[in-house]
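Protein chains in written order, with UniProt numbering: chain A, 1 to 209; chain B, 1 to 209; chain C, 1 to 209; chain D, 1 to 209; chain E, 1 to 209; chain F, 1 to 209.
Honestly, the hints are just simulated from the structure, not real lab data. This structure is a prediction, so every number in the text was calculated from the model and none was measured. Among the hints, erroneous ones may be present.
A pair counts as met if it fits within one copy or between any two copies, since identical chains are not told apart.
To be verified - With a cut-off of at most 30 Å between alpha-carbon atoms, the simulated DSS-like pairs for lysine-lysine come out as follows: (1) Lys199 to Lys189; (2) Lys200 to Lys189; (3) Lys131 to Lys154; (4) Lys154 to Lys199; (5) Lys189 to Lys131; (6) Lys131 to Lys199; (7) Lys189 to Lys154.
Protein chains: 6
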Amino acid sequence: MLHILFFLSLILTSIHVLAQDFCVANLEGVQTPSGFACKMESEVTPDDFVFSGLGIEGNTSNIVEAAVTTAFVEQYPGVNGLGISAARLDFAPGGVVPMHTHPAATELLYVVHGRITAGFISSSSNAVYLKTLRRGDIMVFPRGLLHFQINAGKRPALAIASFNSPIPGLQILESALFANDLPSALVEKTTFLDYAQVKKLKALLGGTG
Amino acid sequence: MLHILFFLSLILTSIHVLAQDFCVANLEGVQTPSGFACKMESEVTPDDFVFSGLGIEGNTSNIVEAAVTTAFVEQYPGVNGLGISAARLDFAPGGVVPMHTHPAATELLYVVHGRITAGFISSSSNAVYLKTLRRGDIMVFPRGLLHFQINAGKRPALAIASFNSPIPGLQILESALFANDLPSALVEKTTFLDYAQVKKLKALLGGTG
Amino acid sequence: MLHILFFLSLILTSIHVLAQDFCVANLEGVQTPSGFACKMESEVTPDDFVFSGLGIEGNTSNIVEAAVTTAFVEQYPGVNGLGISAARLDFAPGGVVPMHTHPAATELLYVVHGRITAGFISSSSNAVYLKTLRRGDIMVFPRGLLHFQINAGKRPALAIASFNSPIPGLQILESALFANDLPSALVEKTTFLDYAQVKKLKALLGGTG
Amino acid sequence: MLHILFFLSLILTSIHVLAQDFCVANLEGVQTPSGFACKMESEVTPDDFVFSGLGIEGNTSNIVEAAVTTAFVEQYPGVNGLGISAARLDFAPGGVVPMHTHPAATELLYVVHGRITAGFISSSSNAVYLKTLRRGDIMVFPRGLLHFQINAGKRPALAIASFNSPIPGLQILESALFANDLPSALVEKTTFLDYAQVKKLKALLGGTG
Amino acid sequence: MLHILFFLSLILTSIHVLAQDFCVANLEGVQTPSGFACKMESEVTPDDFVFSGLGIEGNTSNIVEAAVTTAFVEQYPGVNGLGISAARLDFAPGGVVPMHTHPAATELLYVVHGRITAGFISSSSNAVYLKTLRRGDIMVFPRGLLHFQINAGKRPALAIASFNSPIPGLQILESALFANDLPSALVEKTTFLDYAQVKKLKALLGGTG
Amino acid sequence: MLHILFFLSLILTSIHVLAQDFCVANLEGVQTPSGFACKMESEVTPDDFVFSGLGIEGNTSNIVEAAVTTAFVEQYPGVNGLGISAARLDFAPGGVVPMHTHPAATELLYVVHGRITAGFISSSSNAVYLKTLRRGDIMVFPRGLLHFQINAGKRPALAIASFNSPIPGLQILESALFANDLPSALVEKTTFLDYAQVKKLKALLGGTG
């Protein structure tokens with residue numbers, strides 16, 4: 001019977017068949033255009049593929065009354081190289097995830113509870129695709145397009161977003177325009193916003209210039 | 001002021017700038033290696049990007065006491081070409097989504113409620129990555145690897161899976177082996193299962209041969 | 001000598017070896033996630049691969065004092081499936097190509113003449129990468145990030161942009177926010193702009209709501 | 001004449017034009033989602049691109065009377081980053097390469113000598129695509145689908161498989177189910193196999209649990 | 001027991017789960033950048049995945065004393081969209097597959113019998129990677145690089161090439177330069193070949209101009 | 001007002017959201033199939049995204065009376081991982097960029113001034129696509145195909161090429177055949193050029209063998 005026990009090492013003439021089923025990120029290692037260097041397989045455990053951080057309610061005591069908790073590669077190294085990631089969106093009543101884009105990923109939103117009005121804007125015609133979603137609905141936001149989500153109900157809402165990249169990126173419009181040192185005159189000139197409006201939002205969001 | 005109203009058509013010398021922000025599937029149209037032909041943009045509405053089918057509980061009155069409701073391109077044409085899709089997994093107590101693979105996608109599972117034991121098997125070492133997940137946990141199942149999910153609690157469980165392909169595929173092991181006309185002797189020879197076992201499962205699952 | 005003349009048809013046992021060196025778009029044909037259906041090779045001519053539209057100065061007599069002339073697949077069907085396209089940017093003195101993104105492509109800008117101040121905003125840190133470019137300089141704008149270009153000199157300026165997609169998309173921020181029917185209250189809520197500011201720009205850009 | 005000898009360094013104003021024609025794996029270097037770090041080009045020799053291991057008959061004195069010799073990136077570092085690899089399949093009379101998948105690659109099989117019955121199972125309909133191949137035949141096995149090969153003749157058979165990935169992976173169904181520590185009760189529950197059958201194959205294949 | 005027979009249609013709430021395990025080319029259908037439109041799955045048979053044309057010896061009675069038999073998508077529609085294809089190379093004594101490139105694929109060559117000298121030329125340094133291969137050897141030729149194969153023995157030789165594209169393309173240098181209507185003066189100017197040499201080869205290969 | 005200033009760190013529960021907007025090459029770091037390891041983001045400056053080398057006229061005092069100045073990843077590390085690069089082509093009267101290929105990229109050429117005759121050769125039919133381009137014209141050269149450019153006017157000409165890869169490669173036919181140690185007899189046998197012609201060009205271009 002012993003010859004049977006080892007049939008696998010026998011059928012494979014090669015001593016070891018390397019697979020790259022996964023490539024858990026070594027966040028201390030080099031970063032490349034395809035992602036982080038892989039942790040050694042011998043050090044990988046089931047915990048690398050599980051993330052519990054999305055089970056914790058985000059703190060919505062802030063100006064937007066919403067919170068985004070990300071499970072991107074930096075928080076969740078197991079998705080490195082696997083082309084997927086996720087985030088949790090908490091909305092207090094009146095909460096809003098403001099206008100933003102994910103430069104590197106399409107988003108699929110699932111409403112766990114509550115009612116959420118969501119929309120994205122097409123680049124070809126500026127058409128707005130807008131819907132109010134209910135518990136259990138999903139909505140897709142194509143890669144790179146401006147979109148937003150608002151709590152449309154009177155109670156808290158919760159949604160889970162998934163992305164087809166471990167590093168989808170998140171460019172929040174207000175932060176991009178007003179939370180840095182881009183000179184206000186340049187913002188005015190490139191956005192047609194009034195100078196006073198720009199200065200006001202710069203002040204609110206901690207920008208300078 | 002009129003000269004301002006039309007600045008966009010003026011800045012763009014070209015009459016129209018085609019974008020391919022999305023390509024909602026025309027399921028009656030041709031299918032290609034990259035997906036279905038696109039519906040005309042003028043016929044696209046917000047409803048194309050929203051799917052409510054995952055809000056409906058699947059019927060778990062079956063042998064596995066579980067139900068899988070898919071939001072792949074065929075049910076949800078809006079994801080065509082966008083590299084993402086989803087599914088809903090309902091588990092009665094004792095329910096199981098049996099051993100299966102998605103040949104074309106990585107899966108990310110989010111537990112909406114209940115406790116689910118899930119695992120996948122690495123191809124390089126046959127190592128099993130096994131965890132019991134709780135509400136709010138996510139787990140990733142790398143593309144093409146055998147995996148499964150089981151209700152680990154005494155109450156119903158619900159999970160949402162997302163995939164990084166609009167057509168992830170779903171190859172359920174038992175169906176692949178026993179629910180077709182692959183001759184039982186071939187199944188025996190290629191799986192090392194006993195002939196009687198093969199015949200029994202063929203009978204159960206409606207296979208022949 | 002005759003046996004030599006035909007060596008090619010002899011070395012190739014197959015009658016014809018199909019290549020897909022190119023796939024000139026049949027703009028009347030189906031559109032798919034990978035692009036347009038191909039024109040028949042027998043109808044392809046050298047003219048399909050050449051586009052002269054970028055040799056014509058754009059009309060900058062408009063509110064932004066700039067003009068964008070595109071050579072995307074719709075204007076230039078020869079680039080279909082080839083992963084590249086181009087555009088011409090004309091700037092009158094004071095001209096600006098306002099804040100925008102290309103959802104599906106990285107841009108590389110080449111300054112033909114004049115001085116242009118250009119910048120993009122990183123999504124991770126909101127850092128601004130800003131430079132004034134001179135004749136002969138090139139600058140790269142990573143995919144999906146907000147960026148802009150301004151004439152920094154007192155004379156007209158000309159630049160050629162190339163993109164690594166035949167359908168890069170072009171989402172101009174002002175048009176996306178103000179030139180459609182997205183309700184002003186929603187714009188206010190998702191951008192933190194004052195309601196009056198939103199209404200003013202809606203009016204300017206032809207938006208409603 | 002001297003000015004001619006150096007025309008190349010003259011036409012190229014840049015001192016060196018880096019190409020990445022290849023990226024021979026440094027197996028001691030980091031592994032990333034796109035493959036291994038490259039060996040320095042100055043250390044690359046023709047031998048890096050040639051592999052002689054597939055010229056050696058595999059040892060079929062084992063339970064499956066077959067042998068698989070791989071030329072994946074680990075054995076053949078020259079294919080790193082090049083999107084291709086190969087393997088040799090030896091079959092004694094009665095030999096079988098059991099049911100398996102390649103999670104990351106399509107396989108193309110070429111029969112060098114002998115007769116081989118091969119098949120794969122579609123994920124959409126469980127349809128079996130089954131054929132007996134003769135010397136010179138090729139057959140394609142789409143990525144991620146269960147497939148197998150059996151010696152259909154009375155003499156040894158030899159086939160060469162090529163894959164469109166340097167790391168195709170190889171998940172042998174029996175090993176995945178029975179050669180690890182996945183608890184037998186879980187195997188039973190997720191596969192519908194009888195518990196006794198599971199225990200028997202666990203014993204045969206060296207699994208525990 | 002009946003409730004068991006139908007467990008699959010029950011676990012899947014959706015009536016049908018579309019997969020795109022394969023996309024056998026409908027050669028009469030549209031061609032797109034990702035390949036041909038798919039044949040309907042109901043019309044697909046096992047024969048679509050098998051090709052016997054490589055089992056037939058090519059006719060080497062020609063100027064190069066070699067023959068190339070292709071199994072690209074046009075001959076072998078089953079590989080459409082699957083990222084792989086193959087070819088058979090027959091060499092009489094003295095036979096040569098002349099200098100050529102595959103614009104869209106890496107090639108992996110397997111020597112079935114005979115001795116073959118093969119080489120490719122790097123684009124960065126013009127370095128030649130040259131080896132004489134024996135039965136069972138494999139060699140890889142990176143995408144797009146000039147390469148060739150010569151019978152290095154006194155007997156016929158046979159090799160099988162596989163490619164990581166269903167449409168690898170084949171640009172034979174001599175045909176590209178001399179078998180068309182590219183004016184001889186242009187060939188001379190762009191290749192530094194003597195005009196007489198160009199005219200001689202134009203005559204040999206059926207070119208004009 | 002303070003609670004507003006920090007809304008961003010509040011909405012994002014995660015301390016830092018990593019993006020991979022770009023990956024400026026660390027040319028001293030490892031090279032992988034997807035490109036070079038990234039420079040740390042904290043060390044990235046606007047200058048990394050700008051390259052001024054294409055503003056400098058190349059020296060055309062050479063045998064081809066032309067000069068190619070590259071802005072590939074090695075000269076311009078900012079394009080690493082971004083899928084784009086560029087080059088400058090200077091032509092003296094009579095200048096020619098000889099027959100060559102880019103193994104890894106499609107090229108798009110823009111004529112800044114002068115008249116340039118350019119062409120490429122299809123691999124399927126050896127058809128030549130030839131045009132004389134004027135100031136402002138663009139032409140596309142599909143990946144991997146032989147092509148060339150010639151000054152068609154009596155004055156200097158200037159063109160800018162862009163490529164859809166940061167490492168397009170550049171295989172100049174004459175250098176590949178004659179500027180290395182590939183034995184002249186092998187060149188003769190694989191190209192049908194006369195032995196004397198080969199020796200002559202080997203001598204001219206510094207080749208041996």
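Quick one: which hint numbers does this structure break? Sort them smallest to largest.
none
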